[in-house]
Amino acid sequence: MSILTLKKCRPKPVYVSVRSFKNYNPEAFCEDISNAPWSVINNFDDINDSLNAFDVLFNGILDQHAPVRKVKVRVRPNPFVTEEIRKLMRTRDCWRKIARKTGDPAAWFTYTDYKRDVKRKLRQAQRSYVEQEIKKNPKDTGNMWKVIRTCIPKKTTGKKSFSNDKSVANNFNEFFTAVGSNTVMKIKSLAKENNYTSSQLPFVPASYTELDQFTFEPVECSLVEYIVKSMPDHKAPGIDKVPIRVIRDCLPVIAPWITSVINKSLVNNIFPSACLENC
1 MSILTLKKCR PKPVYVSVRS FKNYNPEAFC EDISNAPWSV INNFDDINDS
51 LNAFDVLFNG ILDQHAPVRK VKVRVRPNPF VTEEIRKLMR TRDCWRKIAR
101 KTGDPAAWFT YTDYKRDVKR KLRQAQRSYV EQEIKKNPKD TGNMWKVIRT
151 CIPKKTTGKK SFSNDKSVAN NFNEFFTAVG SNTVMKIKSL AKENNYTSSQ
201 LPFVPASYTE LDQFTFEPVE CSLVEYIVKS MPDHKAPGID KVPIRVIRDC
251 LPVIAPWITS VINKSLVNNI FPSACLENC
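By the working numbering, the letter at position 194 of the sequence shown is numbered 194, and the numbering carries on one by one without gaps.
Be a bit skeptical, because a hint or two may be false.
What the hints assert, rightly or not - Dumping the calculated DSBU-like pairs for lysine-lysine here, alpha-carbon to alpha-carbon at most 35 Å: (1) Lys166 with Lys12; (2) Lys87 with Lys12; (3) Lys186 with Lys72; (4) Lys146 with Lys241; (5) Lys166 with Lys186; (6) Lys119 with Lys87; (7) Lys229 with Lys135; (8) Lys97 with Lys115; (9) Lys119 with Lys12; (10) Lys136 with Lys87; (11) Lys136 with Lys121; (12) Lys136 with Lys146; (13) Lys136 with Lys264; (14) Lys72 with Lys12; (15) Lys97 with Lys121; (16) Lys229 with Lys192; (17) Lys101 with Lys70; (18) Lys186 with Lys70; (19) Lys115 with Lys87; (20) Lys229 with Lys241; (21) Lys146 with Lys87; (22) Lys119 with Lys139; (23) Lys241 with Lys264; (24) Lys12 with Lys139; (25) Lys166 with Lys22; (26) Lys72 with Lys97; (27) Lys166 with Lys87.
As the list claims (entries may be wrong) - Have a look at the derived ranges for each label pair, beta carbon to beta carbon: (28) Thr82 with Glu193: 47 to 57 Å; (29) Lys12 with Lys192: 50 to 60 Å; (30) Lys72 with Ser39: 23 to 33 Å; (31) Asp46 with Phe21: 51 to 61 Å.
Honestly, the hints are just simulated from the structure, not real lab data. It should be emphasised that the depicted structure is a prediction, and the values quoted were computed from it without experimental measurement. C-beta: ideal position from N, C-alpha, C; glycine also.
The whole structure should be built from the sequences, with the hints applied where relevant.
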């Protein structure tokens, strides 16, 4: 008689790239930023080349002070799981091993009973934890929703995948160019269903002279500094792994060069291709 033992395969570990700020010194970082040859940005006429020069200088210095490293993603512990529940879970797992080894119906019954008890205890503990967290900060809506989302099942929606940038641009164009016509069709459909007759005159788009039309204007360095300082700290960084606090540390030095890149983009009416990756 042969026994086949089937074990569940252990999932492969997940690694993410993050910046290590263990040895980060804001003063030393600002000093190196101040000594960088930022004037090279103005040597390029193409906005993409100017932005690339800025990224190379900034990220090159930041990599020396806060290098990018790969870390293993660990499962976050449930804060509402008490030692009593963990002890009950160990007892449940013990009876499951006994039931699988012996095949005794009484052992399976005991295991099922403990399994049901663990689920009940977890629901009670989670409910109590959520109520306490919401009552602790009733005016903090951000923390409130953060707690509520831990109880809501995650949606598994199928997302469209695109093979190249052209297909992405075409899908965006098709969507936005059809927004107006689709809205008009929905309005007419609703009006027909509810027997509503519009008494207003049809919409006629206004025409403006070239002087009255919208145009981009250069921005001031003070406005760029104000916007950067107004950005929240708790937002996740982009693909370059640069948090907003690092930009604030050296903002007096890099603000004029950020402004130069922005104005070059506005004057030439060109959106840098590197920024599309962060959108």
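Structure-based check of all given hints:
no.	hint	verdict
1	Lys166 with Lys12	holds, 34 Å
2	Lys87 with Lys12	holds, 28 Å
3	Lys186 with Lys72	violated, 49 Å
4	Lys146 with Lys241	holds, 23 Å
5	Lys166 with Lys186	holds, 29 Å
6	Lys119 with Lys87	holds, 13 Å
7	Lys229 with Lys135	holds, 32 Å
8	Lys97 with Lys115	holds, 13 Å
9	Lys119 with Lys12	holds, 27 Å
10	Lys136 with Lys87	holds, 28 Å
11	Lys136 with Lys121	holds, 22 Å
12	Lys136 with Lys146	holds, 13 Å
13	Lys136 with Lys264	violated, 49 Å
14	Lys72 with Lys12	holds, 11 Å
15	Lys97 with Lys121	holds, 21 Å
16	Lys229 with Lys192	violated, 51 Å
17	Lys101 with Lys70	violated, 41 Å
18	Lys186 with Lys70	violated, 50 Å
19	Lys115 with Lys87	holds, 12 Å
20	Lys229 with Lys241	holds, 18 Å
21	Lys146 with Lys87	holds, 28 Å
22	Lys119 with Lys139	holds, 31 Å
23	Lys241 with Lys264	holds, 25 Å
24	Lys12 with Lys139	violated, 41 Å
25	Lys166 with Lys22	violated, 41 Å
26	Lys72 with Lys97	holds, 30 Å
27	Lys166 with Lys87	violated, 56 Å
28	Thr82 with Glu193: 47 to 57 Å	holds, 55 Å
29	Lys12 with Lys192: 50 to 60 Å	holds, 56 Å
30	Lys72 with Ser39: 23 to 33 Å	violated, 42 Å
31	Asp46 with Phe21: 51 to 61 Å	violated, 33 Å
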